[in-house]
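These protein sequences, in sequence, are chains A and B.
For the first sequence, position 70 matches number 70 in my numbering, and the numbering has no gaps at all.
For the second sequence, position 171 matches number 171 in my numbering, and the numbering has no gaps at all.
Worth flagging that the hints you see were computed from the coordinates, not collected in a lab.
Even glycine gets a Cβ: it sits at the ideal position worked out from N, Cα and C.
The reader is advised that the hints may include incorrect statements.
Chain B is faced by these chain A residues, among others (derived, beta-carbon under 10 Å) [to be verified]:
#, residue
1, H102
2, T135
3, C141
4, I144
5, S162
6, F163
7, L164
8, V176
9, E177
With a Cα cut of at most 16 Å, we get these calculated EDC-like pairs of lysine to aspartate or glutamate [as the list claims (entries may be wrong)]:
#, chain 1, residue 1, chain 2, residue 2
10, B, K155, B, E111
11, A, K105, B, D161
12, B, K183, A, D161
13, A, K183, B, D161
There are 2 protein chains.
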Amino acid sequence: MRAVIPYKNENAKSRLSPILSKKDREEFVELMLKDVIKALDDAEVVNIDILTTSAEGIPNDFNGNVTITEPGLNDSINEYLQNANEPILIIMADLPLVTGDHIRKIISFSEDVVIVPGKGGGTNILFIRHPNEFTVKYHDCSFISHCEITDELDKSMHIFDSFLASTDIDEPHDIVELMLHGKGQAKEYAEKRFGSETGKGRVKISHLSKLSGFV
Amino acid sequence: MRAVIPYKNENAKSRLSPILSKKDREEFVELMLKDVIKALDDAEVVNIDILTTSAEGIPNDFNGNVTITEPGLNDSINEYLQNANEPILIIMADLPLVTGDHIRKIISFSEDVVIVPGKGGGTNILFIRHPNEFTVKYHDCSFISHCEITDELDKSMHIFDSFLASTDIDEPHDIVELMLHGKGQAKEYAEKRFGSETGKGRVKISHLSKLSGFV
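Okay, chain A solo, but in the shape it has when bound (with noise of 0.2 Å):
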């Protein structure tokens, strides 16, 4: 099996620019991107390909492919798919919530198809043991799109029902998730920019800090 991941790290996340300036969230972009790395590595996933519009924001120790596509999620990915002649993990980037216990447990369902939903209808991670049949839809409520594909192809379904993988870092609030929940280097990031000590040994969110307002 391979694992890919999509990227684009330049002007990403717009939505947390009340919160975050663009080059504070490229930095974030990368970090989340580094624990969805570490999440496969700690599963033994060994064949990680990112797919990206630019080079910009890939972590300097990272081993895997990197593949400079044109814009267009969908285009892109199903192009990657159309090639591919092992089953795929598809895993978004903002998910640095996600373990590498969640990784192997979605990598071992007998399913045909492993769908883990984000919130709002999106899909997260895609697991596709057949994937030159697959066709990917991401965009407008892409889990009831994906569902139905799946359906289509008559092929077997799992929902992986995970509060983690299911969350993914698209707003204010999101970080809130993140800080509470989280253990890599995107969440110590967050707590270092949102965060003040309980005295307790725990870390809450600061009322001082730009995420208060969305707690």
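Using the hints provided, position chain B relative to the given structure of chain A.
Coordinates of chain B only, in the frame set by chain A:
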């Protein structure tokens, strides 16, 4: 073991008022309560208590105990826990995505305390093996409070990771999750109010509904 459901019907869920009238919200919260009771029934939890400030909006076919308490969620639950002499599952009434399978798993962990976090630092479900010793503290990031209380008691803790059980229905966009992932009576109600058929045997959010602005 026993399950206890804190419940408020009258003028409940005010954050849903942009899309549901007071009367509609009262109908909707009763359906969510029915779904929670069904999940407990499915898990063969036979002793179910409802703590409520008024007998309004209790399902007619509910066979358990209804206790009318003074307002004040923490005080009424803590009094309940003080008098308990068996493990207690505290489950909120606004969890229509929770299933019998979740409940069965939650009550089967060996840890002293099992916590199902809610969005934004809430606590959706708490399973407490030794309830006399425990004090709940809902509101103001109760997830952290309950972790700290468990730590201070030197008890073991399991944090249960489920997107469905962590999705409490507070705001319009939560109803999107209910329509996408629900199976019970509250989901049916939401579909009738806000859905339209896709022609593929699925229901999508109608662009004509009040919910369309929240997707």
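- [ ] Could you tell me which of the numbered hints above are not met by this structure, giving the numbers in increasing order?
- [x] Number 2 - this is the single hint that the structure violates.
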